[in-house]
Every structure is written in C-alpha cells, then in structure tokens.
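J.: With these hints in hand, go ahead and build the complete structure from the sequences.
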Amino acid sequence: MAEAAWRRYLRFWRSNVDADVDAELRFHLDERVEALTAEGLPREEARREAEREFGDVDAVRERLRAIDRRVDAHRARANRWEQWRQDFVYSARGLTRTPVVALTVIVTLALGIGVNTTLFSLLDRVFLRMPEGMTAPEELRRLYWVGSSASNGPVAYAPFSIPVADAVTHALDGQASTALYRSDGERFGEEEEKTTVVTSTGAHYFSVLGVRPAFGRFFTPEEERIEVATPVAIVSQRFWARRFGGSPADAIGQQLVVKRQRYTVVGVVPRDFTGVDLDATDVWLPLGTLNATYGRPGKGPPWYTSRGLIAFQLLARPEPGIDQAQLEARATLGAQRGFSGDRWRAKTTILSGPILAARGPEARGQDVAIAIRLGGVALIVLLIACANVANLLLADSVRRRREIAVRSALGIGRGGIMRLFASQSLWLAGAAGVTALVIAAWSGALLRALLFPDIHWSTGVLDWRVAVFTLGITLLAGAVAGLAPALRSGRADVSQTLKSGGREGSVHRSRTRAALVVVQTALSTVLLVGAALFVKSLHAIRGLDLGFDVPRLMFVAVHAAHEGPDQIATVAARLPDLVERLGRVPGVERVALNNMLPMYSFSFNTVLYVNGDTLPEWSDGAPSVSGVSPEYFETVGLRVLRGRGLTAHDVQAGGVAVVNETLARLAWPHGDAIGQCLRVGAASAPCVPIVGIVEDARRAQLIESPVRELYLPLPASGTQAWGAIVVRVPPDRASAVELAARREVAALLPGSTIQVVRMAKMLAPQYRPWELGARLFTIFGLLALVVAAIGVFSTLSHEVGQRRHELGVRAALGAGVADSVRLVVGSGLRLVGIGVAVGIVLALTGGRLIAALLYGVAPRDPGALGAVAGVLLVVAAIASALPAWRASRADPMEALRAD
Amino acid sequence: MTTDSLDLLQGTLDVLVLRALAGKPQHGYAVARFIRDSSDGTFRVIDGALYTALHRMEERGWVESEWGLSEKGKRAKFYRLTAAGRRALRSEAATWERYVAAVGKVLRAEPA
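In the order they appear, the protein sequences are chains Z and G.
So for the first sequence, the working numbering puts the first residue at 1; every next one is plus one.
So for the second sequence, the working numbering puts the first residue at 1; every next one is plus one.
Please keep in mind that the hints were generated in silico from the structure rather than gathered at the bench.
The hints are all genuine.
Cβ-Cβ distance ranges computed for the label pairs, FRET-style:
no.	chain 1	residue 1	chain 2	residue 2	range
1	G	Arg108	Z	Glu82	53 to 63 Å
2	G	Ala83	Z	Ala249	54 to 64 Å
3	G	Arg44	Z	Ala409	53 to 63 Å
4	Z	Ala78	G	Trp67	18 to 28 Å
5	G	Ala83	Z	Ala409	31 to 41 Å
Because the structure is a prediction, the values reported are computed rather than measured.
The beta-carbon is built from N, C-alpha and C at its ideal position, and this holds for glycine as well.
T.: Rendered as structure tokens:
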C-alpha cells in the first residue's frame, strides 16, 4: 500500500517516466546480451546483435516515452476524480456524524438560495424573458408617447388613443407594421369576468406578432374594422381547457359569453402563445367589440374617434434596415399630427422600448419597483447566510483540526485538505440547492400572488432557466461559504496543533469569525433599516387624508340587463326611488349620487373658461367635472370651506357650481372665487356662478398632485354609466346594508345587475404595495436578525469554550462572576456595535435606492436608524447571555485539569 | 510496406504478446523469449516493436505494469493481462483461427 502510494506520488514527475523506459530497455538488452554470451558470442558482438534485434533503440525509447506520458496524464486525471470521489464519500460520512451542524448549514443556505431563486423566477419573467409563441419578439418595439406634467416634467405613457395610434401607424407606413391592442383588466366586474383576461385587438395584430392559428382562423379584415362589432372570438388553449375541457380543436364554432356578450369562437392560438403582456390572455376579440364598453348609442361621435380615450397599447415591427431612431422620428411626426390642435400634447415625441413593458421608459409600477429592490434584498440575505455558514464551518473545522492535523502529518497535502473541505461544501450546497428549489416552488407562487395578484401567469415558477440560475448560485454560495474554512485549514500548522492539544492557534480563526459576525450584523442592519423605513412609510400613507371617509363609504352601481337606451332610461327613472329606499335601510347614515365613482381610475375632464379666457395653461390635463347630488359632500365627508354646498333647489334650477380649494386658488389667485363664474366646455357656454368651495379630495391615487375639481348639481335620475349611489354606513353594518341593497334592487329593477363595493376594498390595491414593502422587508429583516443573532451566539459560545482555560485561571485568581459576564457580553456587544456602525453607514449610502418607494419618511430617518441600532444591541446582549452564564460557571479546577 | 501489411503485423504481434501474458505476469524480455521460442524461431520479431506494442496495450487498458524482480533478482517491469486484455485475447485469437482456417481452406481447394 505504502509502496503503491509512493510510486503514484513519483509518477507525477515526468523524469520518472523517462527513467522507467530507460530502465526497462536496459534490462531487456542486458538480459539478451547475457543470453547471447551464454550461447558463445563474444560480449561486444552479443551487444551489437541484441541492439540489431531490437531495432532503432533511440526511436523506440522516444516512442515509449510518448506513450507512457499519455498513460501517465490519463492516470493522473483518473486519480484526481477517484480522490474527489473518495473525499465526497468521506465528507458525506463526516456530515452525518454532525447532523445538527449539517442541517443548520443546509437550512440557512437553502433559505438564502431559495430567496434568490424566488426573486429570479419573478424578475426573469418581468424583465428578461421574451413572451413566447411569437416570431422574433426581440424585434418588436413597444411605443410610448411623451407628455409633460406640471409636477414631474416629461413622462412617458404607453397607452394611446385610437386617433393618435392611427396617425402613428399611418406615418410608419412602409417602415414598420403596427399592432394595436388593449388587454382588459376589468376588476370592478363580476367573478366570472375577473378570471377571464380579454385582449381586444386591432388590425394585423396576429400577423405583426407572427402568430399563426393552431385551429380555425384569425380575424378577417372585415371583422378587424373598428366600425363594426362582429361577435367573434379567438381563445387560448389553456382557457379552453380550463373553462370547457376537451380538445381545443372542438372550440371552433362554439359559443362563448364574455362580459354579458355572446361570441362565436373562430380560432385557437398555439399553446405557447398567451399574448404580449405578463397577464396571460384568455380570449381575443376584435377591437370593434369594445363598442359595448365605450359606445354610447345614438349620442355624439363614435368612441373610437375620441382622443380622450387613452387606453390602447401600440407595438411596431420595423422593416429590415429601419433603426430605432428612424422609427421613433417617423412615429413622432405621426403622433404630433394626431395630437394637432391639442395645445398640451402637440409637441409630443415617441419613444420605443422592448416589448417587455417593465423595460420601457414608462414609470414603473410600485409592484415592479419593489420586486427589483427585493432582488437586492435577496442577495443580501444570501450574503448573510453565507457568512453564517462560513462561521459554522469554521467552528466545525476548529473542532476537526486534530483530525486535519493528523491527515497533514500523514502526508496529505494542502490541496488534499482543501479538496476535502470543498467536497464538504459541495455536499452542503447541493442539498441546500435542492431544498431551495422546493422552497422556491412554494414561495415563488406566494410572491407572485402577493405582488401581482391580478396577473394570470402563463408559466409556472420553476423551469430550466430558474434551475440553471439556482445551480449557479448554489455553486457560488458553496464556494463562498466553504472558502474561509478551507483556507484556514490549508494553513494549519501540524506540529503546533498536535503539540498544543488544540488550544492555541485559534486566535486567527476567532478573528475571522468575528469579522464574519460583523459582516452579518452590518447587512442585517441594512435590511432592518429598510424594514423600519417601509413601516414608517406605510404609517404615513395610512395616515393620509384623502378627503373621503373611506371606511364608511360603499358604492352601489346598477346596470340594466342589456345596455340599450331604453333599459338605461328605465334604470335612471327608478333611481330616486332606490335612493330613498336605501336611505331607510337600518344603519345607513346618508345616501348620495355621483356620476363618477370617487377615486375610480376614470374621470371626465373638460376645459373651463374664466371671464372669456381659458384658465392658465395646466399641462397635466384639464380639470375634472362631476355631477353630485346635494347630499354628496356630507355623505363622503368633504367639508364645505366657504360659501355653501349644493341644495335641492340648485338641482332643479341648475346654473350653479362648487369648486375645490385647488381650483379656487389657481383660477382666482388674488381674489375670492365665490361670486365669480365659469364657462364649462366652451367659451360660448353660459357662465356658471360659484357658490361654494369644498376641501380637496383625491381624484384617482393616494399620492397625486392636487387636482382641480368642479362639482355641478346632479339630478337624481342623472347618474351615468360610471356613476354610483354612494352610501354612508358604519363599517360594522356594511354587510347587512349590502344585502339589503341587493334585495331592494332585485325588487325594484328585476333583471338588472348590481355591483356593491366598499371604498376601503376598492382602494386596497393602492395600499397593497406599501403594505407589501413593509411586510416583505420586515420578514427579510427579521430573518437576517435571527441569523445574525445565531452568529453572535455561536461565535461567543465557541469563544467561551476556547477560553475556558483562561477563564478558569481568571476565576482561580479571584475574578468574580461579574467579570466573566462583562468579558463575554462586552465582546459580543463590541462585535455587534462595529457591525451596526458599518451597517448604518451602508444604509445611509444605499438609502437613495429605496427613496422613491418611500412616502413621508427620509431614507436617513434618525428614528428608524436609532431604533434598529437599539434592537440589534439588545439582541446581541441576549445572544451573549447564555455564553456569559457558561463563562461565569467556569470552574477553575476543571478548566485547569482539562489538559 | 503498405498500410495493410502494417496492420496485419501489428495485429499479429498483439495477439502473440497477449498470448505470452495469458499465464503469469511477465517482463518484456520474457515475452520476447516466449514468442521466439514457442514459434521455433519462425517469427522474427523486432524487439522494439514488441515493446511499443506492450506500451500501447497498457494505454489501451489491456495490460497493467508493475515493477518487480526478475528470476535473477534484477529490477524489471512486469506486465499482466487485465480483464479487457483477456477479452481482447479471446476475440483476437478467434479472429486469427478463423483467418488461418480460411487460408487453409483456400490452399486446399482445387482450382476449377
């Protein structure tokens, strides 16, 4: 055995190959010479004869050496693999001997890796992966137009109005083909509608995307005409399977009801095509079918000529040779033509971005912004996990240093020991990686549901891209976590360790471990500061006064069974009756009407004229106008600041208006608005006197620059499609009142449909990003805190174990319990103190990265920083307590006898 | 010398060497002696080619080598057949016997 090892060792030397060949040939020739001599030949002649029989000795020698070198190299490779294999088996056995350490390491790493896998899976889908099922999606460009707002400067918008989109398409003729579509996220709909994502498509949508029907056909040019609403539909295979089951080929010719309209299925898209956006489309309809939503029969110009209906996404596929600048320049010309006459938008420019909406120039939604930051958080969590694991492995390697020293003494080189550690890390990381995938499958779905609850995802959380990413990050984490102990052990001094009984020589390791604790603490501080800022920010948002008494408001909307003019009139005629009945329902405090839902993402805007002049230029859009019943202000909780509200008399007589604070201030900066008059819509309209000023309320969003608003008296029967009955009711009575409202509507307007929504619930999606930011950052922060606490605890425990001797001596010399405790807790606090200081510096530098996601709190908020520092120091003190207690119990006799 | 005859020679030498090692491990000189003696001197093998064959077979995994002591107590490199080598010997020997039988048949046949 020793012989073999010795030879294997020598084999690595090339000169040995050469010498072997020489020796072998010499032996042969000597033997032959001897044999020939024995046969009677003289020695000289015998040698010549032997060499003659051999052939060209030098040439053969070279040939043999070449072969042997190859054999040697091959054997060395095989050897290395074999050693790896042995180390692998050996380290696996080692790990099963210390299952607690192994499990802790695996769980810690799995959490770190799993978090990253989860975030990668999400961010990959949002930012990196092109939608499937279309031809060359990377060539497609999404178009944006640039408007400017008073507060934010130029802003890019993705949605176009149809006239502007048409003008752009026209201008691009010959240079690019365009596709217009609208994916409908109707969330104020009924259950069934919420689960069906509809994309309304303009002409050439499928051909521009490069999709061919899997079954049936796509829309004909006649069906694609926007002027007609042909009831034909194309469905996705998943939708068909989900809704009806059976083969998608059978879908052709079937009837389908979407949004209370009946459609005939004419085509099915290929399996992998789910539309352009993240939200997987179920049903495609011709754009003309939106007439049911936007059209107002018999009144005014058709909906698709409105430049105010800004709701359509525009994609362009440039012809070969057309670059981005040319495309944008041409499209800009078209858009400016489309906006001509619009004083605020006629100077717009067009930008283009990748088809992935999140990579475009449009301002990112808060959900996406949070997801990006969470990616950073995930990396920090992984770093903390790696530091912690490195710490655990170091402690483990300290425990194993005798074994390692023995191996070194047996002649296993530094490389061999490093390999042993590396294979141990690979085991741990591999197990962690697999666990991480399991975690990610679950947490990825959870994160999707939390951050993007309205999106129908076309693919699962895990796929090969995610698996490859996980493999990469697992190897990386294994390498990072395993590096420190491996390097340390590689440096172990054999004789020193064996001589000293393994007590000395640990100073360096303690220092490394202390540094790791500092790193962990610093990173945890960063995460906790982030969490504190998000929590404060959430409080600030929750504390915002929106103008409305949100918790007490409930909206009731009634829709006729069929949206014809007659039915709408019937509903309108019954409204006063309904309002009165609702007012009598127990618990209802007040009922009012509004022709526009408060804070619904839609408003009527118009131009106002003051004394014949238009109001000063407001580039962020025209003031909004809503009709309200006299009870409205009191019902929603808006205070009348000056003048009076509206009365029943105003409703009859008309001709008066109430403005909000902002409109009053902007229109009459130097005088009193009351008594002034406004012309609504046209300079020739009658001048409406202003009788009161009410406080500002939000128009659409929690955070928006103050909006100018004008209120006109609304006749009781005058509510329109977007309006609703506003009911003021204490939150605890809301359910009962909702039931009563449904009953009343059923009695009064049989066959109609009713939608009841509480304002708090309607606004919940707007609060959700803030809540999520606070919640997710807090979870990660606490996770980091726990890991850091474990790090402090294990480092100190280990140190106490190491210093038992010293503590014993101290105790023997008369040091009290308090001294030992102070010693241990002091060193714990010192480590954490340094970590917190570093962390706060990091947090201050990195604060601007999340500043955009905060509201009402600065990233350098001293309260948040102070609180986090306090929490960490308290946790450090607690984590030091047990080791300190053990230190205080150090028995001088036992400690001194331990050797 | 054409490529064909080289291959033939190489193959022939291989099977002879494998045969020589079929018993106990041998050093190269013993293999040479075995071939020379057992063919009654019919085969005049160039010893250099024999060693090349041995080393090639080691590369191919047919034989393993180990240093040991010769009958006269000198340090010598011994070769031993591996399992793969035994398989090779069986198949090469079979091929040869078929070949020899075929040649014999042709030689015995009367031209028509």
